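If you want the building blocks of each chain, they are given just below.
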Amino acid sequence: MQVFRKFIVLFTLFALGITALSAKTLTKKQARDAAARIDSLLTADLKTAKLKPTGRIDAGTFLRRAYLGIIGRIPTEKEARDFLDNPSSNKHADLVDSLTGSPGFDSHLFNWAGDLLRVKTKQEQFGLGWHVWLRQSLADDKPWDVLVREMLASTGHTSDNPAVGYYLRDRNMQLDNFSNSMQVFLGRQIGCAQCHDHPFDDWSQMEYYQMAAFGGGFEYRSAEARKTVRRVINDTRPTPPRKSKSKVTKKNKKAQRDLVTKKRGEARKVGKTLQPLFKDFNKNELIDDTAKTLRLPEDYKYKDGTPNGEINPETLFGEKLKNVSSADRRDSFAKWVTSPDNPYFTKVIANRLWARTFGHGLQDPVDDWTEDSKPSHPQVLAFLETTMKAVDYDLRQFCRVLFLTNLFQRECDPTEPEPGTPLLVRGPALQRMSAEQIYDSMLVLTRGEINDSQLAANAGRWENYTKSVEKLVTADSRDLLVLAESASQADSAYREARVEVRALQAKVAKAKSPAERRKIYEALVDARKKRNAYKKQSNPLDAMSMSMMAMGARGKGKPAGKATARASELPAPFNPGTLVREFGGSDRAAPSSGDTIPTVPQALALLNDPTTDIVGDRRRSSFARGLFSRDGAEDRLEYIFLRLYSRRPTTEEQRNFAPLAKDETSLRDLTRAMLTSNRFIFIQ
Amino acid sequence: MNPNQLNDLSRRNFLTRTARTCFGLTIAGSAAELFSPRALAADPAIAKAGGGKAKHVIYLYMSGGMTHLDTFDPKPDAPAEYRGPTEAIKTNVDGIQLGHCLPMLAKHMDKVALIRSLNTTQGAHEQGKYLMHTGYTQRGSISHPSSGSWVSRLAGAENGTIPPFVLVGGGNNHPGGGFFEPKYSPLPIGDPQKGLRNVKQRKDTDDKSFDRQLSLREQLDHDFDSRFHKGQRSVRAYGEVYDSAVKLMHSKDLEAFDLSKESADSRAAYGSDPFGQGVLLARRLVERGVRFVEVEFGGFDWHYDNFEQMEEKIPILDQALSTLLTDLSAKGLLDETLVVVATEFGRSPKIVADRSGRNHYPKAFSCLMAGGGIKGGQAYGKTDETASNVVENKVGASDFNASIAHAMGIPYDLTLMSPSKRPFKMGGKNGKPISLLFG
Numbered sequence: 001m002q003v004f005r006k007f008i009v010l011f012t013l014f015a016l017g018i019t020a021l022s023a024k025t026l027t028k029k030q031a032r033d034a035a036a037r038i039d040s041l042l043t044a045d046l047k048t049a050k051l052k053p054t055g056r057i058d059a060g061t062f063l064r065r066a067y068l069g070i071i072g073r074i075p076t077e078k079e080a081r082d083f084l085d086n087p088s089s090n091k092h093a094d095l096v097d098s099l100t101g102s103p104g105f106d107s108h109l110f111n112w113a114g115d116l117l118r119v120k121t122k123q124e125q126f127g128l129g130w131h132v133w134l135r136q137s138l139a140d141d142k143p144w145d146v147l148v149r150e151m152l153a154s155t156g157h158t159s160d161n162p163a164v165g166y167y168l169r170d171r172n173m174q175l176d177n178f179s180n181s182m183q184v185f186l187g188r189q190i191g192c193a194q195c196h197d198h199p200f201d202d203w204s205q206m207e208y209y210q211m212a213a214f215g216g217g218f219e220y221r222s223a224e225a226r227k228t229v230r231r232v233i234n235d236t237r238p239t240p241p242r243k244s245k246s247k248v249t250k251k252n253k254k255a256q257r258d259l260v261t262k263k264r265g266e267a268r269k270v271g272k273t274l275q276p277l278f279k280d281f282n283k284n285e286l287i288d289d290t291a292k293t294l295r296l297p298e299d300y301k302y303k304d305g306t307p308n309g310e311i312n313p314e315t316l317f318g319e320k321l322k323n324v325s326s327a328d329r330r331d332s333f334a335k336w337v338t339s340p341d342n343p344y345f346t347k348v349i350a351n352r353l354w355a356r357t358f359g360h361g362l363q364d365p366v367d368d369w370t371e372d373s374k375p376s377h378p379q380v381l382a383f384l385e386t387t388m389k390a391v392d393y394d395l396r397q398f399c400r401v402l403f404l405t406n407l408f409q410r411e412c413d414p415t416e417p418e419p420g421t422p423l424l425v426r427g428p429a430l431q432r433m434s435a436e437q438i439y440d441s442m443l444v445l446t447r448g449e450i451n452d453s454q455l456a457a458n459a460g461r462w463e464n465y466t467k468s469v470e471k472l473v474t475a476d477s478r479d480l481l482v483l484a485e486s487a488s489q490a491d492s493a494y495r496e497a498r499v500e501v502r503a504l505q506a507k508v509a510k511a512k513s514p515a516e517r518r519k520i521y522e523a524l525v526d527a528r529k530k531r532n533a534y535k536k537q538s539n540p541l542d543a544m545s546m547s548m549m550a551m552g553a554r555g556k557g558k559p560a561g562k563a564t565a566r567a568s569e570l571p572a573p574f575n576p577g578t579l580v581r582e583f584g585g586s587d588r589a590a591p592s593s594g595d596t597i598p599t600v601p602q603a604l605a606l607l608n609d610p611t612t613d614i615v616g617d618r619r620r621s622s623f624a625r626g627l628f629s630r631d632g633a634e635d636r637l638e639y640i641f642l643r644l645y646s647r648r649p650t651t652e653e654q655r656n657f658a659p660l661a662k663d664e665t666s667l668r669d670l671t672r673a674m675l676t677s678n679r680f681i682f683i684q
Numbered sequence: 001m002n003p004n005q006l007n008d009l010s011r012r013n014f015l016t017r018t019a020r021t022c023f024g025l026t027i028a029g030s031a032a033e034l035f036s037p038r039a040l041a042a043d044p045a046i047a048k049a050g051g052g053k054a055k056h057v058i059y060l061y062m063s064g065g066m067t068h069l070d071t072f073d074p075k076p077d078a079p080a081e082y083r084g085p086t087e088a089i090k091t092n093v094d095g096i097q098l099g100h101c102l103p104m105l106a107k108h109m110d111k112v113a114l115i116r117s118l119n120t121t122q123g124a125h126e127q128g129k130y131l132m133h134t135g136y137t138q139r140g141s142i143s144h145p146s147s148g149s150w151v152s153r154l155a156g157a158e159n160g161t162i163p164p165f166v167l168v169g170g171g172n173n174h175p176g177g178g179f180f181e182p183k184y185s186p187l188p189i190g191d192p193q194k195g196l197r198n199v200k201q202r203k204d205t206d207d208k209s210f211d212r213q214l215s216l217r218e219q220l221d222h223d224f225d226s227r228f229h230k231g232q233r234s235v236r237a238y239g240e241v242y243d244s245a246v247k248l249m250h251s252k253d254l255e256a257f258d259l260s261k262e263s264a265d266s267r268a269a270y271g272s273d274p275f276g277q278g279v280l281l282a283r284r285l286v287e288r289g290v291r292f293v294e295v296e297f298g299g300f301d302w303h304y305d306n307f308e309q310m311e312e313k314i315p316i317l318d319q320a321l322s323t324l325l326t327d328l329s330a331k332g333l334l335d336e337t338l339v340v341v342a343t344e345f346g347r348s349p350k351i352v353a354d355r356s357g358r359n360h361y362p363k364a365f366s367c368l369m370a371g372g373g374i375k376g377g378q379a380y381g382k383t384d385e386t387a388s389n390v391v392e393n394k395v396g397a398s399d400f401n402a403s404i405a406h407a408m409g410i411p412y413d414l415t416l417m418s419p420s421k422r423p424f425k426m427g428g429k430n431g432k433p434i435s436l437l438f439g
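So the sequences go chain by chain: P and E. Per my numbering, the first sequence starts with residue 1, numbered consecutively. Per my numbering, the second sequence starts with residue 1, numbered consecutively.
Don't read these hints as lab results, they were simulated from the structure. Just so it is clear, the structure is predicted and the values come from calculations on it, not from any experiment. Ideal placement from N, C-alpha and C gives every residue a C-beta, glycine not left out. Among the hints, a few may not be true.
Chain P regions said to be covered by chain E (calculated; three or more residues, Cβ under 8 angstroms) [to be verified]:
hint	region
1	359-369
2	420-432
3	578-585
4	606-615
5	674-682
Could you build all of it, start to finish, from the sequences and the hints given here?
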């Protein structure tokens, strides 16, 4: 009991200490003190349960765990040597500090956040904008509460506010989006109540709709486009007729009516002409119509409401919000979710990051909290919550504290945690590398040195798009009409080309001889090219972006080749059948979909896929070049172990494997065997 | 015969035998192989009720929630705000109509049993998909096996070289093998056109080198495995996965995965879309003895432009499914192959006017079964005049899966224990086979 009280005191002191400082970046001491507090709380819990923590891992295991866990890839040969040969007794903590402060941290965290939020880079135009925005926000240490608030409160066109991707992602699926928000940010699963009263929890369908009503004014269309079209109509209208001062007769009354009809007709015509210019706008913009309110479903069957009845927004737990004006409802909701006083927001993100670091949540599953949830180490969780608030929701600083714990230096628990069961944490859970960690580690092996920084290519493409939008909505009205005309011509050409492609496709299947098939196929390839070119021209935004690219306005930095880009720089989700997807990379359909389930194609990929062969071709692999430029068996063996396992071979391994380091074939076999070993794909 | 009677009979019969062979204990592990479909088809109760004829399942999953009103349960007399522009067309069975995007299937109606009375309470994709696949509601504390893994486990492989459960084009959230040991998990094929890749040794690798790699792998992992093998499923799984991979590399049936072995006409008949090609792959695999092939077809979530998207998408299903039925009958495989079309829920009958879309609707929706002992030419179950409520013969996800079990001659109510010692059945908690589906 006394021990317990001591903890509370220390815990409070600490919390006050850093809150008072209100500095976002923790000093070395603050970060280490916080980590130590977590460890002592854990130890106390284990002691009560008469359990012992696992042993401490060696330097090589730590090195590998730190690189993969913090920046999402294995270390290079140099990075491995630097750490292993460093005699300092502070080197573990120093490495954590330097890795959490490095751009690799951003890349790795982005993969996690992108999967949680279901970012699809190629969705319309907003996908790229949202991707770039999220990547940059994390790199800039935008606090989690601010980041979430910006998304939840977002409206407008993606080129003005890319955070609106969060809603456009689920265009016309506002209720599903809402259920996801509750699950992702507040760990509450209330999706069932969308259709009926929740059978286990105390959610009623009415309560669900009251919460969802904060987004009651959503309309997925473009105000920007309407505004521009209206401007063009006004600008291009023939000089307005003078107002007749003569007295109103029947005759000129009719003339006036005719004039109005004529004007309307002309306006409609201009609007139609301009249509091709703005066809993508409706898919990239969200409006909050304050006159609109959410309605109950038509088949609403409970007594507390009428079918199709209007619903006013109301919160169900935490601070009670009621009678919110429709102008304020979005902002109030965003603030309510992300408030430090929200009973779930802070602990949900703290627990999610804990699970990401140590393989199992203190509360598991991480997205199914109830009022009676009993996390495994309540005091640790409470402390994490305090820490999250104290670092002002800076995820980098929060993760840094977790990585600085002794727990992060302990051996993995030999037994896997039971899902959904509270677990006393003796050591981290054994985790298989994520698909992205495998992808990025293969890059390290084939390229040697890799650039962890964000590449300019995506940001550059996004900048071009936003500039094109800007140009379009500010262009001279007459120019717009000309542009629209040419776009519409390209559009009809595109439609014709599409018909041709389809006809040729049908012909290919019916070809009588291989020669004939080949001839038709060639025509098909040409037709496809033509079709694609027209398609680009028919979209003025694409056409403008292309010309800007040609003019060299690429944004800062050099464009990077696909081959060198880390997984976080490539469009998500990866296509089915790619290495990333074979290893469970997320399809971005549901929150946190990425998995690490073992499958046969994974084994086949590591055994036989040319792209995972790091040792077959010197031209394609830095690993192979380095290996075969070394002579002695001992040197070679050390090199292989350092690059694949991030440690030197033990004496026994030296003895066992040195004979294999003599000829190239044996070296190849050994390397390939290591790549398929559990020691490689699991993070100990 | 009333369904309950059938169930009692088959259960009693089954229990007697279980008691004999397993001393009254729940069967586990290799004992499951005792229940091969052939042996079970001999069970007079199951056979008498038309079950046990199927040896394979081709399970086509429409991911996203397929609209029932515009496909299997059209309502030509419903008000326009429900019906939309969808028209009902005649089929080759009097009195059964389909949506107008399914003209080819209409000519196969005599082989098909529509099930128009599905009803669940799961209106979100992930949860709905989970329920339909496993027969259980999703929980944080247990991961249930999907129907393919149940079949894989209880029916076993027909021949030993290809895993008994293959999943084509599946997304991340497929329940897979759940708590079963990893060997019952599906073999995933991401892109049917590419088939099973990386099955050939590298050019510079001879058999000697390859074998050495495998034994070095074990040597390198010796310490790691001795620490983690016992307590970690995924570590054990990688052992099994490498064994299966090597076995597959030497399989004589590998060419089943190679669609280029099909004639151009045959490939074109299934449609050039990846789904069509996936269905063709399924047929090839079933011919080689694979028990359960699931092909996922994504993109049915039409909250807006329901009727435009329908015109693009349903014809792809129509073509692939009809070609499959034609093909299987021509090859004499339809009687032993159960063809299933499933989805997680239907769509709201009343059209959302401002975006001509339909929302999620688990209260009433449709699926289909054909072949494998199913009595064709029928529509089981009924919804009201707007397809909003089931008015006859409600079917739950667990009844649906129990029916698949029954067709395969697998006891739907056989209890297997999870590692956490909880009992589970292929037919879910309370599922019963739909006896009227069987001829």
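We went through each hint and held it up to the structure:
With 3 residues having a Cβ less than 8 angstroms from any Cβ of chain E, the region 359-369 of chain P passes the three-residue criterion, so the hint holds. Counting residues of the region 420-432 of chain P whose beta carbon lies closer than 8 angstroms to any beta carbon of chain E gives 4, which reaches the threshold of three, so the coverage claim holds. With 4 residues having a Cβ less than 8 angstroms from any Cβ of chain E, the region 578-585 of chain P passes the three-residue criterion, so the hint holds. Look at the region 606-615 of chain P against chain E: 5 of its residues bring a Cβ nearer than 8 angstroms to a Cβ of that chain, three or more, so the hint holds.
Interface restraint, the region 674-682 of chain P with chain E: holds (7 residues with C-beta to C-beta distance below 8 angstroms; minimum three).
Violation of the numbered hints given earlier is absent; every hint is satisfied by the structure.
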